[in-house]
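S.K.: If you want the building blocks of each chain, they are given just below.
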Amino acid sequence: MNEIIEVGRLNKRFGTVAALRDVTFTVAKSELTVIIGPSGGGKSTLLRCLNGLETFDSGRVRIGNITLEQHNSPQARDLKANLRQLRKEVGMVFQAFNLFPHFTVLENAVKAPMIVKGLSRKKAEEWAYELLAKVGLENRAHYYPSQLSGGQQQRAAIARALAMSPQVMLYDEPTSALDPSLVGEVLQIMRKLDDEGMTQLVVSHEMRFAREAGDKIIFLDDGEIVEYGPPEQLFTSPRNERTRQFLHNYFQ
Amino acid sequence: MKRNLLVLVISLLSLLRVPVARAGTVDLRWGGDAEGGAPYVFPDPSNPQHIIGFEVDLANALGQELNRRTVFVQNQWDGLIPGLERGDYDIVLNGLEITDDRKREINFTIPYYATTEQLSVRKTDHSIHSLADLKGKIVGTLKFSLAERVLERQRGIHVRTYDGQINAYEDLANGRLDAVLMDWPIALYYSKPDPKLKFTGGPISHIEYGIGVRKNDPALLKQLNGALSDLIRSGDLKNIYEKWGLWNSETATLFAQVDANPQEYENYTRSVTRKLTWQERLKQYASYLPLLLGKGAPMTLLISILGMTLAVTFGLMLALTNLYGPLVPAGAARAFIEVMRGTPLLIQLYLIFYGLPSAGMRLSPLVAAIVGLGLNYAAYEAENYRGAIQAIPRGQMEAALSLGMTRAQALRSVILPQAIRLAIPPVTNDFISLFKDSSIVSVITMVELTKVYGELASTYYDYIGIGLLTAAIYFLLGLPFVRLARWAEAKMTFDKAASAPLRRRWFGVGAKPAAG
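Going down the list, the sequences are from chains A and B. For the numbering used here, count along the first sequence from 1 and bump the result up by 841. For the numbering used here, count along the second sequence from 1 and bump the result up by 36.
One chain only, chain B, in its complex shape:
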């Protein structure tokens, strides 16, 4: 019933739309990420509602060739291919490099642009002239990009990956990075105008951008290839590139080849359509494990354990200052707790990582990640402790004081040991939570478990299989800590009678009944 109604509404809506669209045609929906920046697809600086870019011009030219209206659909860049497969749009047109991995999942048109990777360094740097010079250096690039793979292949480079080129070039300028490798058009728009930076070395690697089309849509692929060939022959595409300052020798060579033998490219892009057997799948999953367990998991554990260590110790100091400190420090502790709890962790991380350098404090990504998570969770731990401390009857403090202990002595030997036991379950909760929240530090270029997952999933376009595998790894890594917390809780339990079932389970014997 409901479904029929939906169909009715949709058909009514499309009826309404007919007079707007050109008669007899359907919109060509193209996916891209306007966050990706110039010169591809980006908000017009003079009118941010409006998007511009050489790929916007290309899309419009294609629409004209095909006699279809074009509609831009925004998506995260690393989600563009999954979105295409979900049917959110018909094509992906956004600096998508033609690679063998991607060709397994989607079809590519003939390339519409060719370029290379460009190295940028600080103007004052005279030591880097080629990839070989990058050994031992810290080099930034974009996540999931071809440049990242070029760098990974070269041994001995410390690669830092970023969501956006702006942050990468900023870190190069402020000295956190030694070099940045990115597609030449990006470098042209973001690095070249920066007076602190310069290009170095010759062209690296070879990149071709193609339009992504679903495998089950061969008709559209053919139409697009025809339209592209027309645009190339007519010189319209060259005009677009010249307008954006992007015309280069690589693309000139490419277009000459297209003229000579466009059929080659069609064959090229149609190759590799074979589906994997389940044995091959399984083998593939096994091949992910070294990356997930060897690279991602240790980093996640390191960040989580050090972050939590900071959180529990600093949190305790906060709680004690809040409860027993003089007026002003107590107020400051309370304010810290409120602010850290009340503002997003993501923004705190950005401020620590990108904001502090302008205040002269440049933390390494690892330290920034640990400090960010640790300070944020310290606020939560402080409240856990406060609740636990306040749950201890007042008579305990009075008894300790009446025995001549100072307040500090009473806290240390009487109040805290009891309170900490009460705090174990909520603190364990928070540790598990932090363990998973640690994935957020990939925004400050840390490569941990979830980032490795993202890289693998977007390389192989397998979000579900690798996702389940990663989730299982998180779960299994967290288990020992849950067990440890339970053990500590049982160990610290002094009310033997009340916890007899728990105790029996752990130690095999119940409490001796009390006499009298």
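Just chain A, same shape as in the assembly:
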């Protein structure tokens, strides 16, 4: 099974507004996929549906061998169990970092493995130090989030998500809240993880990053996938007028 993420005919409404319409795509193992598109186009909603922070009205989501189907089913209890299984396989990185402010960087990274996976503190810390080294924060392990820069906080958040050893990493605009000078260090980590074979799905406005590092680009507008393909094709010769317009506005 090479396709590790499979999304089929996903629909989601907020009241009368259709946030997602028949969204269908797959992501192959080790691929880095970047979702681009205008604000309000459904990018974040899509990502949040993939780890159950948002329910959806119809369709299905499969990650690895765990499947979520339309949420309001009578098997709500099964779904809850499924949801937790799924979340263990999916790491999530938020625009606002959402680090736990009352824990040090190290505690942020060991808490979930200890609570959810039952790892011993010793094992969890060894693993956390390895990850902190990977994101360049090994000497910030005992700092509190409020003592770190934005870029450092986001790197810590990535380490925290990686600590659960997920199969897939989701990023919801991970650099949007950062000072421009700090964006690079976060993108650097994502490239590094890509090199190591991590499957990643990134909602981003960093077009240069998307073009250079992305294996696939999804252009999402008005809740539907307008265009989907490798970056060279999507950036140099977009087939759809809406894509062309978006990129034109963007690079103007």
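In short, the hints are calculated from the structure, not lab data. Be aware that a few hints might be false.
Here are the simulated distance ranges between beta carbons [what the hints assert, rightly or not]:
#1 B:Thr442 to A:Arg862: 30 to 36 Å
#2 A:Lys958 to B:Val518: 39 to 45 Å
#3 B:Gly391 to A:Lys958: 50 to 56 Å
#4 B:Gly396 to A:Thr857: 56 to 62 Å
Even glycine gets a Cβ: it sits at the ideal position worked out from N, Cα and C.
Following the hints, position chain B against chain A.
M.R.: Same frame as chain A, now just chain B:
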């Protein structure tokens, strides 16, 4: 200006009143507590607007003797003497026992009635026949009464004091008390008619009631003594007592003595007028400390700490049920919070203490006090927690869930630790408040700091000095908890940069500046 106007208005009013009052006389204002009950001064059961009692009859008889109209002034019984000294009325006539303590503060007329203390027990009880049999028993009586002192003097008795005789006899009937000791007239009216109770043993102690008069009013004292002597000699006073069923051998003996040598009593009541020097005052204050610190303060601390422990734990359960529980329990939690916050603590305590026994649940005073305060404050703590939990950004819960935690795990390790820190200042506030509110439990017979204060103050009629002393004790006892809360808050502060000044003050070093 204003004052002159006031004087003018008052003199105009008194002019208006002259035709109503008997010519050339001033009203005789007498203080009493109609809540005290039969047979002294009490609302007429057939016409509650109207007060009756043997002391009402006595007051009227005195008024006739002195040719003055009598006016009744209501006051709390334990405030009768302070009220007299404030000038709210001219005399106190309400079962006031003549005691040495009181004679230091006011003058007493010759006694107008003599009686004894009477023990009551349940009809089924055959073990109690005298004071000596009360060792190890729980005995009820009225607050600040002579009977209370009689019981205190006897070692090994668990004394429970009440505001009203009804509650005491009720608790005797339902088994919370083993015996009740009260003035014979009260027992006659409240215990004797109760088929579940009976008198036991002979007369205990000796009580004489006198009329209280201000020390600076010797003329009135003389007039009253003359009038009383006349009423005794004429047999009018005996008639009053016979009418109320109160004529007894003690009073008969007393009246014989009055006839023989009334001068004795006048001398007796005029004694002890000496004022205390400031050294003696200071010594007296020092002598209060063992009672305040040894008896009152530990009880206040015990009730407050256990009450607050109940409040913070049960409050947390309420808040979590309200926020995350299924529909019906959440609604029940909300209703509990609203009702407990919206109704008076005093009434809740009464219901727990006096109401629950009829439902077959009889809590000891201490447990009732802790449960009452704890449940009441739990409602407030629940709202403190709710506010704090809701102040934590939603992203925290989402981040925890996305790491695979269950909602409960996320609450325990992510949300609550942050929320509790936010809740510390309002919860500390409530603890201080509860600490002081705990004085209310004296209504269910608990003797804590404020009750000890009340007892001392009413014994020595020194509400200000002892009041300041008690307030200082409250303040000093509360301080360590305030400090503890501040320490906990600083300890739990993770936003080191924002709280640097606080941190520096506590630990001597500021936060290390962040790199980058």
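S.K.: Checking against the hints above, which ones are violated?
M.R.: none
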